[in-house]
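J.: Okay, here's what each chain looks like letter by letter:
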Amino acid sequence: MNDISIKVENLKKKFGKGENSIEVIKGIDFDLKKGEMAMLLGPSGSGKTTLLTMIGCILEPTSGKMSLDDEVIYDNRWILKDTIKLRREKIGFIFQSHNLIPFLNVKENITLLPQMNGVSKADYTKKAMDLLEYLGIRDKAYNMLGSLSGGQSQRVAIVRSLANDPKIILADEPTAALDKERSISVMRLLKKIAKDQNVAMIVVTHDERLLPYFDIVLRIDDGYLTQTKTEDVKVI
Amino acid sequence: MINLASKDISHSLGKFIVTAIGVGMLLGIVLIMIGVYRGMIVDAKSLLNDINADIWVVQQDTLGPFAQSSRLYEDLKHQIISIEGVTETAALTFQTLQIRKDKKMIRTTAIGYEIGKMGRPARIIKGREILKDHYEIVTDAKLGFDINDKIRLGRDIYTVVGITKGAIFNNGEPLVFLNLKDQQKLQFLFSNETIRNDRARGINVTNSNIVNAIVAKVTKGYDIKKITEYIKRWKHKSAYTNDEEIVILTKNLIEMSSKQIGLFTIILIIVSSVIISLIIYTMTIGKIKEIAILKLIGIPNFIIVKMIMQESLVLGILAFIAGNIFAHLIWNKFPKNTVLLPIDALMLFGIVVLVSVLGSLSGVYRATKANPAEAIGE
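For the record, the sequence lines run as chains A and B. Sequential numbering of the first sequence, starting at 60, is according to the numbering used here. Sequential numbering of the second sequence, starting at 12, is according to the numbering used here.
Simulated from the structure, these hints should not be mistaken for lab results. Keep in mind that a hint or two might mislead.
Claimed, not checked - Simulated pairs of lysine-lysine, DSS-like, Cα-Cα distance not exceeding 25 angstroms:
no.: 1; chain 1: B; residue 1: Lys380; chain 2: A; residue 2: Lys73
no.: 2; chain 1: A; residue 1: Lys149; chain 2: B; residue 2: Lys380
no.: 3; chain 1: A; residue 1: Lys144; chain 2: B; residue 2: Lys18
no.: 4; chain 1: A; residue 1: Lys144; chain 2: B; residue 2: Lys380
no.: 5; chain 1: B; residue 1: Lys380; chain 2: A; residue 2: Lys76
no.: 6; chain 1: A; residue 1: Lys180; chain 2: B; residue 2: Lys317
Extracted from the complex, chain A is given alone in its bound form (with noise of 0.2 angstroms):
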């Protein structure tokens, strides 16, 4: 047992075969403490998605190695099979949209993952009914998707992402669709559960204002990662 979250051993990531492929993720090693926030920045095109779906469990690495949560979950082959219970149970997402099931209501939407984890009814519903209150949309609690707005959809993506306990949390620029105020109460959010529960955290952003919430920031650039200490991260 150590207090490391995610570690990446140099990890590559090759499309197609041969001569025509392409190699985005040419050897990355990082390692992102329990309770950490890390910013990762890059160009478009870097890789930072291809990166965040294969620590989510959903791409496929060509090599490397992949702890998560003091497991090793990839070495140069799938060791855990499940990967699904584990982005149930440990994982949460948030994106640039906000990837909601328009047939169920809010509440629903919300509730689905700590259900298919076996929690009480109860607290499921405390613990949901709590996040809404935090973002200011728990009167939205038995609304339909179709009746939010952008950024109520993108506050109850947030709140879905941290309906099951997760040990961790990707994020794909979860603060674009926010006004400045609301981003800032987002990232107090999950800067305070990435404290209070030792949740690490990796999040996409180009917004630098927001640099002060993290630890930690990770650059990637034709395929390669630097790992920065955000205090010594100059602002341009």
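Since chain A is already given, all that's left is putting chain B on it; use the hints.
T.: The following block gives chain B in isolation, referenced to the frame of chain A:
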């Protein structure tokens, strides 16, 4: 645990119900087709059941009187009644007629029977049986005549004295009933000009005491089969038990039609199956992004498979209910007898359930192959 299928259905309820009604109409046609087939069997047996004879005696080496032409002398009935165990005999004639009703010609079959004997009209709903020797007729309600209406048949005019309900020949056509003497005259007696012409040629054919079949009733306790065999040997006639006559009617007369309807029904069931499969597949493709999201956040495949299968089953069951309602709304609009039986509906229900499960497999396959990464990005 949230039931995803019910949530998805209620989210697009109108579209789902309209789809189910569409498929249901197709299933309704399947039920009607089965009903038409059942109706043919019922029609084929209807007259036999009404006459309720034990033995049918017809011309030697024929399958008469329904499957083949058959001619016998009427007096054969006196020889048959003398056989031990035979309690009643009756002579019957059958003839296809075109009769005029207002300005329309209607096709019908006339039965000539002896007053008070086997072959007399069953289920008279208005008027009475034939009581006079000549020029009275009983018609089925489907022909549209009323009591005291006049009908010209051959050289004579007949008065309608009774109306029956559901009196049909084996091909489903409504029946008319005539006194045997009248019917024999109508069927076997030539016109005066023909008789004179035949006489000049040395032919004398004025005997109209010919019938198409003699039917017999056997006393309880006597072996109908043995008496039938005895008639075959002793009288040199063809004789059939009522059960054999039913087989002749259902196998020989309507076999081709029933095969055609059976094949058409099978094709309709296959078409319905393909349509249900396509609908389920299209419904699955329509929410492939949602399925990808569910997989992305960690919902196991079996929950997604369950959702697709439940939706497919609900669609099938709703379509089956709609099909039943549709079939029961239109079944009596068909000119031929259509018989809807619960056992056929039950059989179709089984097929629909099976088809819904099998039909959902293509959707299930597509869903299990859905890549969670499809949910990421626009």
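J.: Determine for every hint whether it applies to the structure shown.
T.: Now the hints, each set against the structure:
{"no.": "1", "hint": "Lys380(B) / Lys73(A)", "result": "holds (21 angstroms)"}
{"no.": "2", "hint": "Lys149(A) / Lys380(B)", "result": "holds (23 angstroms)"}
{"no.": "3", "hint": "Lys144(A) / Lys18(B)", "result": "holds (23 angstroms)"}
{"no.": "4", "hint": "Lys144(A) / Lys380(B)", "result": "holds (17 angstroms)"}
{"no.": "5", "hint": "Lys380(B) / Lys76(A)", "result": "holds (22 angstroms)"}
{"no.": "6", "hint": "Lys180(A) / Lys317(B)", "result": "holds (22 angstroms)"}
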